[in-house]
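Could you build the full structure based on these sequences and the hints that come with them?
Going letter by letter, the sequence shown gives residues 3 to 269 in this note's numbering.
A few of these clues could be false.
[Said to hold, decoys possible] Heads up, simulated DSSO-like pairs for lysine-lysine below, C-alpha to C-alpha not over 30 Å straight-line: (1) K128 x K167; (2) K153 x K178; (3) K153 x K80; (4) K100 x K184; (5) K237 x K138; (6) K167 x K153; (7) K153 x K121; (8) K100 x K224; (9) K184 x K128; (10) K178 x K128; (11) K237 x K184; (12) K178 x K237; (13) K237 x K121; (14) K178 x K121; (15) K138 x K238; (16) K80 x K184.
[As the list claims (entries may be wrong)] Simulated DEER-style distance windows between Cβ atoms: (17) E116 x Q33: 24 to 34 Å; (18) R226 x N191: 23 to 33 Å; (19) G37 x D106: 33 to 43 Å; (20) G212 x H249: 14 to 24 Å; (21) H249 x E15: 16 to 26 Å; (22) L186 x E38: 18 to 28 Å; (23) V209 x E58: 41 to 51 Å.
Since the hints were derived computationally from the structure, they do not count as laboratory data. By construction, the Cβ of each residue, glycine as well, lies at the ideal position given by its N, Cα and C atoms.
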Amino acid sequence: MGCSFDEWHDIIETLRPANRILTFHRQGLGQSDIGEGVCSTETAVRDLNELLAYFEIEEPIYLVGHSYGGLCAQHFAKVFPERVAGVILVDSTSVNLKELDELDTPVMNEESDEAWIEKCLDYAGKDKQELQEIIKPALSEQHLQFPKVVKERLLDFQITPTLYKAMASEIQQWKKDAEIIKRLGGFPNVPLIVIGRDSEFTINAEVDSGIPLEELRRFEEKWRELIRNQGRLSKKNEVIFADKAGHSVYLDRPDLIVDCIHRMISC
Numbered sequence: 003m004g005c006s007f008d009e010w011h012d013i014i015e016t017l018r019p020a021n022r023i024l025t026f027h028r029q030g031l032g033q034s035d036i037g038e039g040v041c042s043t044e045t046a047v048r049d050l051n052e053l054l055a056y057f058e059i060e061e062p063i064y065l066v067g068h069s070y071g072g073l074c075a076q077h078f079a080k081v082f083p084e085r086v087a088g089v090i091l092v093d094s095t096s097v098n099l100k101e102l103d104e105l106d107t108p109v110m111n112e113e114s115d116e117a118w119i120e121k122c123l124d125y126a127g128k129d130k131q132e133l134q135e136i137i138k139p140a141l142s143e144q145h146l147q148f149p150k151v152v153k154e155r156l157l158d159f160q161i162t163p164t165l166y167k168a169m170a171s172e173i174q175q176w177k178k179d180a181e182i183i184k185r186l187g188g189f190p191n192v193p194l195i196v197i198g199r200d201s202e203f204t205i206n207a208e209v210d211s212g213i214p215l216e217e218l219r220r221f222e223e224k225w226r227e228l229i230r231n232q233g234r235l236s237k238k239n240e241v242i243f244a245d246k247a248g249h250s251v252y253l254d255r256p257d258l259i260v261d262c263i264h265r266m267i268s269c
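Following this line, the structure appears as structure tokens:
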């Protein structure tokens, strides 16, 4: 949610010589039109299915989804099981994400969905120059290693108003989407690799954020439980926790993502 496919640049370039890769920005992200303005996992599933048809990709695909993208991947795999050869969930949002709201984490809960939506809608009403002044877009240490054109796109991505309109809609819908996905029934019996972040690495990165340590630990314990439970989606599962990686596993441990993809497609 709110991330560009350009952040996967190193992984894409590593895989490109021997694989056909399709990456796309959901509605409102990057240069993708916002459409009717209602953005959900259902619209992401529909758009991916239409893209596969447009590019005449008929063979089953290996689907990789990170965070909210992982929720979209779970939705797609249940709606179009015949189109999926395997799934890799990267620190994916769980269909039981509402359990995170039930934790005793009062400081963390101050950053509620409602507050997040309000901020996104405020940003959506501004132009690029105003967002530039407010957000002051910056690149991470990993981003700085990317080619100049990719870095420029990443900076521009952060100050596009429709990004925030799309995010607001996705946040408004995601708990309802999660319940819909749960009711869709069985996950296809295909190879599934579930990758979770390193809890201690994540806690250490957030320790100076002002959030009490006990809240960070409580949240990370539940997040790890939800990640582990995703392995139950398929009998052909493998659950891995990425050493020295936070939520952005694809930036902290691109080598692990590439290795998992290679192993899955060679099965």
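Query raised in the report: Is the hinted pair K153 and K121 satisfied, with a Cα-Cα distance of at most 30 Å?
Result: holds, 25 Å
Query raised in the report: Does K138 pair with K238 here, judged by a C-alpha cut-off of 30 Å?
Result: violated, 44 Å
Query - Hint consistency between K153 and K178 [alpha-carbon to alpha-carbon, up to 30 Å] - result: Judged against 30 Å, a Cα distance of about 35 Å means the pair is violated.
Query - Verdict for G212, H249 (Cβ pair) under range 14 to 24 Å - result: holds, 18 Å
Query - Proposed proximity, K128 with K184 (alpha carbon, max 30 Å) - result: violated, 36 Å
Query raised in the report: Does the structure keep K237 and K121 at a Cα separation of 30 Å or less?
Result: violated, 41 Å
Query raised in the report: Is K178 close enough to K128, meaning Cα to Cα at most 30 Å?
Result: holds, 28 Å
Query raised in the report: Taken at face value, is the distance from the CA of K138 to the CA of K237 at most 30 Å?
Result: At roughly 46 Å apart (the allowed maximum being 30 Å), K138 and K237 break the hint.
Query raised in the report: Holds or violated: are the alpha carbons of K167 and K153 at most 30 Å from each other?
Result: Distance of about 23 Å is within 30 Å: holds.
Report task. Mind checking the hinted window 33 to 43 Å against the Cβ distance between G37 and D106? Result -> holds, 39 Å
Query raised in the report: Does K178 pair with K121 here, judged by a C-alpha cut-off of 30 Å?
Result: Holds - the C-alpha atoms of K121 and K178 are around 21 Å apart, at most 30 Å.
Requested in this report: Compare the distance between the alpha carbons of K128 and K167 with 30 Å, and conclude whether the hinted pair is satisfied.
Outcome: Cα-Cα ~11 Å, so holds.
Violation of the numbered hints given earlier is confined to hints 2, 3, 5, 9, 13, 15; the remaining hints are satisfied by the structure.
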